[in-house]
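Going line by line, the protein sequences match chains A and B. 1 is the number of the first residue of the first sequence in my numbering; add one for each residue after it. 1 is the number of the first residue of the second sequence in my numbering; add one for each residue after it.
No lab work stands behind these hints: they were computed from the structure. In this text the structure is predicted, and so the values were computed from the model without any measurement. Incorrect hints may appear among the rest.
[Said to hold, decoys possible] Below, in silico cross-link-like pairs of lysine to any residue (SDA-like), each with a Cα-Cα straight-line distance of 20 Å or less:
| no. | chain 1 | residue 1 | chain 2 | residue 2 |
| --- | --- | --- | --- | --- |
| 1 | B | Lys281 | A | Pro130 |
| 2 | B | Lys73 | B | Val103 |
| 3 | B | Lys281 | A | Asn128 |
| 4 | B | Lys276 | A | Asn128 |
| 5 | B | Lys276 | A | Ala113 |
[What the hints assert, rightly or not] Partial pick of chain A residues on the chain B-facing surface, computed with a CB cut under 8 Å:
| no. | residue |
| --- | --- |
| 6 | Ser5 |
| 7 | Phe12 |
| 8 | Thr111 |
| 9 | Gly123 |
| 10 | Gly129 |
| 11 | Leu134 |
| 12 | Ser137 |
| 13 | Pro139 |
| 14 | Ala141 |
| 15 | Trp142 |
| 16 | Gly213 |
| 17 | Ser214 |
| 18 | Arg216 |
| 19 | Ser262 |
All C-beta atoms in this analysis are idealised placements derived from N, C-alpha and C, irrespective of residue type, glycine included.
These are the residues of each chain, in order.
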Amino acid sequence: MLAYSLLAGVIFGLYFSLVGMGLNLVFGVMRIVNLAHGDVLMLGAFAAFWLFSLLGLHPLVAAPIVFAAAVAIGWPLYFLFVPRLLRARDPEMLSIIFFFGMAQVVVALATIAFGTSERSIPGRVLGNGPMHILGQSYPTAWVVSGAVSAVTVALVTLYLYRTRLGTTTRAVMVHREEALATGIDVHRVSAIAFGIGLGLAAVAGVFAPFMLGSVRPAMGADINITSFAVIVIGSLGNPLGTVLGGIVYGIALMVMQSYFSSWANLLPYLLLIGILLIRPTGLLGRTLRHA
Amino acid sequence: MLRKSLGALCAVLMCFSGLASAAEVPSEIKIGTLYASSGNYAGVSMAQYSGLKIWVDQKNAEGGVFVKPFNRKIPVQLVAYDDQSNTATAATLYNQLITQDKVDILAADFGSVLTSVAVPIARDHHMLLIDQTGSGATFFSKDNPYIVLTSLPMSSVWPKHVTAFLTREGPKLGIKRVALLYATNDFNGTQAAALRDAIKATNGAVELVYDNGVPTNTTSYTVTINTIAATDPDAVVALGYVNNDIAFLRNLQDSGTRFKWLFTIYPGLETEAVEKNVGAKGLEHVFTYLPSSVMAYKPEFGLSLSEFRAAWDARFPDGKVEFGFNSVAGYTTGLVLEKALAATDSLDQLALRKAIVGLSGKLKTIDGTFELDEATGAQIGETQPLGQIELDEHGHLRFVTVYPPELATGKPVYPAP
Numbered sequence: 001m002l003a004y005s006l007l008a009g010v011i012f013g014l015y016f017s018l019v020g021m022g023l024n025l026v027f028g029v030m031r032i033v034n035l036a037h038g039d040v041l042m043l044g045a046f047a048a049f050w051l052f053s054l055l056g057l058h059p060l061v062a063a064p065i066v067f068a069a070a071v072a073i074g075w076p077l078y079f080l081f082v083p084r085l086l087r088a089r090d091p092e093m094l095s096i097i098f099f100f101g102m103a104q105v106v107v108a109l110a111t112i113a114f115g116t117s118e119r120s121i122p123g124r125v126l127g128n129g130p131m132h133i134l135g136q137s138y139p140t141a142w143v144v145s146g147a148v149s150a151v152t153v154a155l156v157t158l159y160l161y162r163t164r165l166g167t168t169t170r171a172v173m174v175h176r177e178e179a180l181a182t183g184i185d186v187h188r189v190s191a192i193a194f195g196i197g198l199g200l201a202a203v204a205g206v207f208a209p210f211m212l213g214s215v216r217p218a219m220g221a222d223i224n225i226t227s228f229a230v231i232v233i234g235s236l237g238n239p240l241g242t243v244l245g246g247i248v249y250g251i252a253l254m255v256m257q258s259y260f261s262s263w264a265n266l267l268p269y270l271l272l273i274g275i276l277l278i279r280p281t282g283l284l285g286r287t288l289r290h291a
Numbered sequence: 001m002l003r004k005s006l007g008a009l010c011a012v013l014m015c016f017s018g019l020a021s022a023a024e025v026p027s028e029i030k031i032g033t034l035y036a037s038s039g040n041y042a043g044v045s046m047a048q049y050s051g052l053k054i055w056v057d058q059k060n061a062e063g064g065v066f067v068k069p070f071n072r073k074i075p076v077q078l079v080a081y082d083d084q085s086n087t088a089t090a091a092t093l094y095n096q097l098i099t100q101d102k103v104d105i106l107a108a109d110f111g112s113v114l115t116s117v118a119v120p121i122a123r124d125h126h127m128l129l130i131d132q133t134g135s136g137a138t139f140f141s142k143d144n145p146y147i148v149l150t151s152l153p154m155s156s157v158w159p160k161h162v163t164a165f166l167t168r169e170g171p172k173l174g175i176k177r178v179a180l181l182y183a184t185n186d187f188n189g190t191q192a193a194a195l196r197d198a199i200k201a202t203n204g205a206v207e208l209v210y211d212n213g214v215p216t217n218t219t220s221y222t223v224t225i226n227t228i229a230a231t232d233p234d235a236v237v238a239l240g241y242v243n244n245d246i247a248f249l250r251n252l253q254d255s256g257t258r259f260k261w262l263f264t265i266y267p268g269l270e271t272e273a274v275e276k277n278v279g280a281k282g283l284e285h286v287f288t289y290l291p292s293s294v295m296a297y298k299p300e301f302g303l304s305l306s307e308f309r310a311a312w313d314a315r316f317p318d319g320k321v322e323f324g325f326n327s328v329a330g331y332t333t334g335l336v337l338e339k340a341l342a343a344t345d346s347l348d349q350l351a352l353r354k355a356i357v358g359l360s361g362k363l364k365t366i367d368g369t370f371e372l373d374e375a376t377g378a379q380i381g382e383t384q385p386l387g388q389i390e391l392d393e394h395g396h397l398r399f400v401t402v403y404p405p406e407l408a409t410g411k412p413v414y415p416a417p
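Given these sequences and hints, build the entire structure.
Rendered as structure tokens:
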């Protein structure tokens, strides 16, 4: 039972790495907190649902489409809102308030558009029956979702560490003003990162019906809490830390569900408190960040 | 002179009396309630609210609802706020309905979680709480006359036929090991406790091999299903809300695990919503409650199930609010209020309660026989038989009533193939 929980935790954790990755990338580059992150995920989930229901589009095909659409939407949204937020005396606090408001608007509009009912895509779309890994059986939909998450996270890592744009993105993450002084087009880099952040959330949404049971307009708030737990565990502003945070969260959740199921919803908060008390910079954090 | 003066005085008194009487007749009966347009309970809450609204619109189209103390029909005004499935917001809004809007009748939002905060508030304000679907057993006590449960039985009554089946028929079928999984809230917790007690009372003929709760917001059950399967149960009872049932049944299907006997609540209660998400095949052989939205009771008052369904489809053709038991529950609340207002001596809250209690055993609606425990206000009628879902030759869902024997329309399929 423990082996089953541990492996399930890794699969689930990979998915939550993807869920948290976009939020951490946006925070790392712009130092703004996107409280509408979970709602972007919800929109991605509904996009996948409607693409599947109306056009019969497979989620694996829908994922890049949804990603591209989110990036395309994220680019103008960045220039419309983010520079104004960054000019504020306290951009982090202002962004929390701003994106909280945005989240409410998105949920309200989604409720009007989609109704309040649960929606999902059949698990068999990603493969029939269970898949056997190391002597254990897991839903194929889970394994595929976990694998797609791993590949997506790997692509983001490649982008950050093996491309010129990624290098400039990391330079902005280290020090925005110094990056600006060296001639980096900070706004262009940030706009791309913002778009990718939204795109990653939307792709995570495509696989939400398989990992989270079903989707509904108000699911974003719970996703935000989990995402924050994941990125704080890993390290705020460090996208790679998100992978570790996701896996730690996933394993802890599955072990809790196996042995102390009634207490499982306390887990994100317990992990947050624990990490903040023991290692405030997160597992992969190097130094305290001075905002 | 004296006669003239007395005559004038009488005329003035009669005039004042008439004015006073006219002033006392309210221009409308205010029914205050809450709904959740978002959050965990949105789907079912909106269904319940929409059912109540169909009744309100129907009555207003007929010129209002007959109110006995005024001997006339009075239009109904529904004062409703959105609590977003949040108990803190709901508490504030229940207070607002009572103290600011000064509603004549207070009806709770869906389910035990959102009703739980209304119970003490209504009691403190000496306001009768029309509890529509909040069935937590702790809400009802002999020292609180300010609550009545209108549209479904209290939670401890719900599993009556499930426990009877498992403890009486189960051993004959070979069911001895039962796994119990429940979401940790009043509604599911009370049912789990009733089932647990019944199984303990069998003195070992049936035993619990798994007995654990999960948070109500749980959306991933694969690991839990694996843990339950490891206990090798003959029967699994999984109690949750609709989102729990959808996630559980989807995970069960995807994991390839099969239980010989499986009971969940919502395939019967919110069939459309569950079938859309799980698929008909995923519901085959699942045991569930058979509520009034399935049983088609013959009503002596109000619309029949087919008439109500037609009214619902006309009202919500886009399917954004799905038809299910909670739609019937909201409509039933309206019917109970209609009967009570036609029988009450005044709009005083305890008079209203007396009128509602007076309907006990006499009111037969689309929701079955309305029957209250007079002492506590808990619903003990409107019970729900145990059914099993089978597929017909076209692959459509078909409900088979398997218990109690007097209502049975078929034999249970055990073990599920």
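Checked hints:
For the proposed pair B:Lys281 and A:Pro130, the alpha carbon gap of about 16 Å is at most 20 Å, so the pair holds. For the proposed pair B:Lys73 and B:Val103, the alpha carbon gap of about 18 Å is at most 20 Å, so the pair holds. Restraint check for B:Lys281 and A:Asn128: the C-alpha separation of about 13 Å stays at or below 20 Å, so the hint holds. Using a Cα cut-off of 20 Å, the hinted pair B:Lys276 and A:Asn128 holds, with the two alpha carbons roughly 18 Å apart.
Between B:Lys276 and A:Ala113 the alpha-carbon distance is near 18 Å, which keeps this suggested pair within the 20 Å criterion. For the restraint placing A:Ser5 at the interface with chain B, the shortest Cβ-Cβ distance is roughly 5 Å, inside the 8 Å limit, so the hint holds. The criterion of a C-beta within 8 Å of any C-beta in chain B is met by A:Phe12, whose closest approach is roughly 7 Å, and the hint holds. Interface hint at A:Thr111: satisfied, since its Cβ lies 6 Å from the closest Cβ of chain B, which is below the 8 Å cut-off.
Because the closest C-beta pair between A:Gly123 and chain B is about 4 Å apart, less than 8 Å, the hint holds. Look at A:Gly129: its Cβ gets to within about 5 Å of chain B, closer than 8 Å, so that hint holds up. Here the hint on A:Leu134 is broken, as its CB sits about 14 Å from the closest CB of chain B, past 8 Å. For the restraint placing A:Ser137 at the interface with chain B, the shortest Cβ-Cβ distance is roughly 6 Å, inside the 8 Å limit, so the hint holds.
Interface restraint check for A:Pro139: the shortest CB-CB distance to chain B comes to about 3 Å, inside 8 Å, so the restraint holds. This hint holds: A:Ala141 has a C-beta 5 Å from the nearest C-beta of chain B, less than the 8 Å allowed. For A:Trp142, the suggested interface contact is upheld, since its CB lies about 7 Å from the closest CB of chain B, less than 8 Å. The criterion of a C-beta within 8 Å of any C-beta in chain B is met by A:Gly213, whose closest approach is roughly 3 Å, and the hint holds.
Residue-level restraint check for A:Ser214 holds (minimum Cβ-Cβ distance to chain B is 5 Å; threshold 8 Å). Interface hint at A:Arg216: satisfied, since its Cβ lies 7 Å from the closest Cβ of chain B, which is below the 8 Å cut-off. Hint status for A:Ser262: holds, given a least beta-carbon distance of 4 Å to chain B, under 8 Å.
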